[in-house]
Structures are given as C-alpha cells and as structure tokens.
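> Protein chains in written order, with the working numbering: chain A, 434 to 806; chain B, 19 to 345.
There could be a bad hint or two in this list.
With a cut-off of at most 30 Å between alpha-carbon atoms, the simulated BS3-like pairs for lysine-lysine come out as follows [said to hold, decoys possible]: (1) A:Lys-481 / A:Lys-761; (2) B:Lys-57 / A:Lys-520; (3) B:Lys-272 / B:Lys-221; (4) A:Lys-746 / B:Lys-64; (5) A:Lys-520 / B:Lys-198; (6) A:Lys-511 / A:Lys-493; (7) A:Lys-488 / A:Lys-478; (8) A:Lys-592 / A:Lys-618; (9) A:Lys-651 / A:Lys-681; (10) A:Lys-681 / B:Lys-69; (11) A:Lys-488 / A:Lys-761; (12) A:Lys-511 / B:Lys-57; (13) A:Lys-493 / A:Lys-764; (14) A:Lys-746 / A:Lys-511; (15) A:Lys-511 / A:Lys-761; (16) B:Lys-118 / B:Lys-69; (17) A:Lys-520 / B:Lys-334; (18) B:Lys-271 / B:Lys-221.
Computed footprint of chain B on chain A; a stretch qualifies when at least three of its residues, placed anywhere within it, have a C-beta under 8 Å from a C-beta of chain B [as the list claims (entries may be wrong)]: (19) 519-532; (20) 597-607; (21) 635-644; (22) 662-675.
Think of the hints as simulated: they come from the structure by calculation, not from any bench.
The structure presented is a predicted model; accordingly, all values stated were derived computationally and were not measured.
For glycine and all other residues, C-beta sits at the position ideal for the given N, C-alpha and C.
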Amino acid sequence: MARTAATASSKKSPSKPSAKKPAKAESNGNGRMAVVELMNAEYQKRRKSQIEAIKKTDKKLLREMLYQMVLGRVFEEKAAEVYRMGKIGGFCHLYIGQEAIAIGSMMALNPDDMVITSYRDHVQAMVKGIAPEAVMAELYGKEGGCVKGKGGSMHMFSKEHEFFGGHGIVGGQIGVGTGMAYAAKYKESGQVTLCFFGEAAVNQGIFHESLNMAQLWKLPIIYICENNQYGMGTSQERAMSTRNIAKKAESYEMANEFVDGMDVMAVRDAALRAIKRAREESLPTLLEVRSYRYMGHSMSDPGNYRTREEIAKYQERDPIVLFQDSLKTAKVFTDKDFEAIRQEAIEATKKAIEFAEESPYPSESELLSDVYA
Amino acid sequence: MALLTIRDALNQALREEIIRDENVFIMGEEVAEYDGAYKVTRGLWKEFGDKRVVDTPITELGFAALGVGAAMAGLRPVIEFMTFNFSILASDQIINHAAKMLYMSGGEFKVPIVFRGPNGSAFQVSSQHSQALEAFYANFPGLKVVMPSTAADAKGLLKSAIRDDNPVIFMEQERMYGMKGEVPEDDDFTIPLGVADIKREGKDCTIVARSMTVPMALEAAEKIQQEFDVSVEVIDPRTIKPLDIDTIVSSIKKTNRLVIAEESHSFASVGAEITYQVMDHAFDHLDAPIKRISTVEAPMPYARNLEAAALPSVDKIIAAVKEVCYI
Ligand SMILES: Cc1ncc(C[n+]2csc(CCOP(=O)(O)OP(=O)(O)O)c2C)c(N)n1
Ligand SMILES: [Mg+2]
Chain A
434 MARTAATASS KKSPSKPSAK KPAKAESNGN GRMAVVELMN AEYQKRRKSQ
484 IEAIKKTDKK LLREMLYQMV LGRVFEEKAA EVYRMGKIGG FCHLYIGQEA
534 IAIGSMMALN PDDMVITSYR DHVQAMVKGI APEAVMAELY GKEGGCVKGK
584 GGSMHMFSKE HEFFGGHGIV GGQIGVGTGM AYAAKYKESG QVTLCFFGEA
634 AVNQGIFHES LNMAQLWKLP IIYICENNQY GMGTSQERAM STRNIAKKAE
684 SYEMANEFVD GMDVMAVRDA ALRAIKRARE ESLPTLLEVR SYRYMGHSMS
734 DPGNYRTREE IAKYQERDPI VLFQDSLKTA KVFTDKDFEA IRQEAIEATK
784 KAIEFAEESP YPSESELLSD VYA
Chain B
19 MALLTIRDAL NQALREEIIR DENVFIMGEE VAEYDGAYKV TRGLWKEFGD
69 KRVVDTPITE LGFAALGVGA AMAGLRPVIE FMTFNFSILA SDQIINHAAK
119 MLYMSGGEFK VPIVFRGPNG SAFQVSSQHS QALEAFYANF PGLKVVMPST
169 AADAKGLLKS AIRDDNPVIF MEQERMYGMK GEVPEDDDFT IPLGVADIKR
219 EGKDCTIVAR SMTVPMALEA AEKIQQEFDV SVEVIDPRTI KPLDIDTIVS
269 SIKKTNRLVI AEESHSFASV GAEITYQVMD HAFDHLDAPI KRISTVEAPM
319 PYARNLEAAA LPSVDKIIAA VKEVCYI
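Just chain A, with the same shape it has in the complex (with noise of 0.2 Å):
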C-alpha cells in the first residue's frame, strides 16, 4: 500500500545530456514535496489501527524506544556544537531526522543479532548498547572511545555488541553484511543481520552483487535503505533512474517493502515481518525506509543544493514528534512523561561529554597496534 508514494514519485522525465547552459540548479523540490503529503496521507490512514496497537505494545518497550530517539537527537544536536568548538575532527555525518529507522529497526532485535552500517553511524552505535560516554569519547578520538580514538566518527565498532561498525567506503558495508550473514547461516546460530546503507549506495555494483548472493543463498539478512534522498549534494532523481528502490529486490526474487522512515512503528512492524523471515526461513528482505537529512551531508556541506521550505516541510512529519503525538493521544505518556525523557538525554549526553574531555589521547603505542592479528 505505501508503494503508492514510491511510484508516485517518478514523475520527472530524465535528463538527458545537452550542450546547452543548465537550468539552475534543480533541487526538485516539488517531487520531494508530493511524497512528503502522500507519505502523510497514508500515515494518516494507518493512524488510528496503529494508536490501537500502541496501547497493546509493552509501555516499557515504549519509553525506551523514544528514550533512544531522543538521546540520538540530543546526542547529536550537541556532537554539532562541540564539533564546531574543534572538539571533534575530521567528517562528523549526523543523524538528525532518521532516527526512526534505527530505532524501529534494530530495537525489534535480539540483542546477539548482529549490525552493519555506514559512516553515519552515531545512533546506530548507541542503539546497540556503546555507551554513549565511548561514542562520544571516539568523537573526540581519545583513549576512552568505543575503539580507543583510532576510527573516530565514521568506525564506531563494538564485538561485544555486535556492532559491526561504521564504514567509510559507499557500500563497501553491504557486502561485509552479507558476510556476516553468510557466517551466521553457516555457524546456524540463528543470528540476524541488519545492515544499512544510504539510497546513493545502491548504485554501487556491490549492492547488485549482494542482493543476488543473498537470494540465491537464503541468507538471514534485512538490507535498510536508509533513503534520505540525498548522497552529499546529489538528490536521488539526478543519479538514479528510477525512484523506486524497494522494487530492485524484485529483479533477485527478494522480498522488499517501503517505508515511511518518519513513523517509527511503521519502521518496527516491517522490521518485524522481516527479521522473522530471516529468522524463520533464512530469507533476505531489502527494506526502503523514505526520510530525510535534516542537517547538511557532514559537518563541512553548506547544503545549498535544497531549499529551507522542503527542510521545513519534512520537519513537520518529524519522527519524535509524530511518535510522541501517538503515544499522548494513546494515553501511554504525557508530556510530563516526555520532558523526563529528555532530561534524561541530556543527561546523559553532559556525562558523556564530560567523559569525553577527561579522557586522554590514546598512547602512542596505540599506533602500531592493531595493524595484524
């Protein structure tokens, strides 16, 4: 049913290459403005069955889900402000308005069930069990960080987590997942795998090599899309030929579904039906999950290749909100209940940083470590 807001969507003609001067830069704002209604639309329609069944979920499988939401926001909103102070270096990719996915996513897992994303990689981390004190601390590279300052922002990693790290290379993770996937089959240790990526990744020939791999071989795995619509400056329309990404699974005979990537519970129900058909019948699922970057591609992208009214207009669907509006009109929590919840992020996020400061640089014995086994 939600196909509807994939198809919808490619309506414009492609481009094809003209000597001409370019038209101005075409941000398409009004293919990214009908998705974003007709997405509103359909969440509007399952509004009502979906407040039923928030009433019947665990009220503290609730909490924690907004809690961690919450805490990614917070988290981030402050990794910005002190990446701003020098604090941090290098590429700093948040988060900020996706992470519903993460959080819809990875908290229908098993705790052994096992995690692979990409360079944006802050909430996923924590979503997992890092502490944030060591995601924060390997922000600012120091000894305390979750791999003692040596990856930084991008390689977040966690063996006792299964936390299969942030990675630098577009879709180099996809078919690491896939091995990951391939060793839990083999090992039948009944682990999932979760590996996410951003839409511009699925143009790498890796995405391609692996979904086959995956399908032909019944691997436990659940690809998310994470189609926030841009790769840097590059809209999706302008380097893919077509919008919709969910139905490229079709060409491997693999299961698949679209997501709104803004309604958490949308995102935990399909990551439900997928992890048990990993789970069960040792099946692949690719998973589009359609939601947006609200902060620039990384620290250093001005993001001038879109306008602040298409910003403002997904803002208005953003996942916390709509999550906290459903939980209210359910009578889970009220906004007593929502204003602890963020005190306690912040919290936690003040400890974090101050864990962060105290700690010192990795020793310098720390470089040559690690290089071999």
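With chain A held as given, fit chain B with the ligands onto it using these hints.
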C-alpha cells in the same frame, strides 16, 4: 604571473582545456552542480553545461569504465575521484583495462584519459580516507603518475596530462588546495610530464620530496640552513612515472647525500624505487646511507596525536638530514 591557489590553478587548467578541445569533458561525483567536493571544478558546470561537466552516481567502477570506453572511442575524459581512496573501487578499470589497452591491442587503441583527485591524508579523516596510492598505480606499465606540489606545476602538468595520449593518474593533496603560488598567465602554459624540478638549490644534501612533503622539505631546508649552516637541495620529481632519475642523480653527484620524504607507507614505495635507482646510478657518489621518511606502516588513525605521529613532518625530515650529514 598571477598568484593562485593550487585549487584555482587546477580549475584554470580544466577550463582552458575544455575550451581548447571539444572532446575534453569532466565527469565525477559532485563535480557539476555542487562545484566539486573540494571546489576544484567551481563554476565550470555553470559555464559549460551538462555536456562538458557531468555529475555521476556514486559508482566509481562504472564511471571509470565509461571514461575508458569513451577515451578509446575518441574522447578525452577527465575523471575526478572525490578522493583517490575511492579509485580503489575503480582500480580494475584503471589497471586491468586502461593501463593495458594500447599494448594488448597491438597499438590500435589509445586511452587518453586523466584520473584525478586528492590523494593522501586530509585532516583526521581516518583509515579509509587517508591513503597515498601513488606506488600502487606507478607499479603498472602503461600508466603515468603525476603529483604536483605548487600552483604553477598543478596547472602546467594538468594541461599536459589532459593532452597526453596515455592514461594519467593525476594526484592532488587536500591539505594543499589552498596553498598559493605564482602561475604564468599564458593560456598555453604547460609543463612536460617526466621532468623534475629543483625547488631549492643546495650543495650538502639532497631531499627528494613530492606532493605534501615538498613544502615540508623546503621548511626543513630553511631551518637546517639557519641552524647548522648545511645547504640542502630539494628536488620534486613532479612526475612519478616516468621518473626523471637524471635530475636526482646529478644532484646526488653534487651533494653525496640523499633523504627521501614521502606521504605513502614505506614498504615498496616510490621512495624504495628511487633508492634502488640511485644505487644503480650513483652508488659510488653516496657518502652516507639513504634515509627515508614515510607514513608509518599502519592504517591512518583518527586521533589527532596519533595521526600527527603517523605522518611525515618537518622535524622528522630535519632529523633525517642530520643523520645523513652526521650532525
Ligand atoms: C566509494 C565512495 N565514493 C564516494 C564517497 C564520498 N561520499 C561519502 S558519503 C557520500 C554520499 C552517500 O550518500 P548515501 O549513500 O545516500 O548515504 P547518506 O550519506 O545519505 O546517509 C559520498 C559521495 C565515499 N565515501 N565512498
Ligand atoms: Mg542518502
């Protein structure tokens, strides 16, 4: 002469070659509407349009291959890699296809293509984004490898690279894009590939440096002159392949001492190759063993202090010069 940043010098070279030859086009990620991830292609899409300046999907193997085919069929593509780290995805096309096409076609098919972009480390961008890959590409016959260190060299060499009938790997350095230098204003200013440049004359010790280590070597040379009254010659090969070994050897015949400073890892590096060639041509002229400063044999760490410890530095170069001069 005009005072330009390396970034703008490269931009001028691209612009002039687009105007000069209708078969030249630029293709890569964010090169057009975004003006280039590092703004090297700033303004070119606005001026020349979609046909000459082309944004691609993130699909390095694909657009590198497209460039190779287009070059075989008569165009002169300039393929930008956002950074050379991502060229590794395309290395099959560069090494298995572009490098060998002329030879295995018995001379039938030339591949006049430039693969360019920043190479080496940037500012704390960690392991997957900080690699200096010149030795990797220089190992394969059929490829030329160019690494400018000044604005004038950047412009003159890029123009020559675009006009060259071979696949050329043209490596810039992100840390250097903002460095300024005098550039001749002549539209037809070029610098031939394969010719080294003496960046500073000296008589007591030679430093061979390239790309990012050239400004470091010059600073080291100045400090050594002042502190120890030792006169250091700095040579920049500019083109790694073909390598102008003659200029290096003549310098050693004068100074009898050699330090090599490079950003890549040391193992099987360009510095290792230079060391061999110097031994081959000038063994009897050396008064001290050759010293080499490279990046340590580890992937690049993120932490600020570790990154600094991993990379070559002015101090490390000074220490090496002192060692070969026995001071
Ligand atoms: C192979 C490769 N090419 C280019 C880049 C530079 N780069 C980093 S992220 C990015 C955009 C990726 O967009 P998308 O996959 O949609 O993920 P998002 O950043 O939107 O989460 C680009 C071009 C890279 N890191 N790796
Ligand atoms: Mg994206």
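> Output the indices of the hints that this structure fails to meet, ascending.
none
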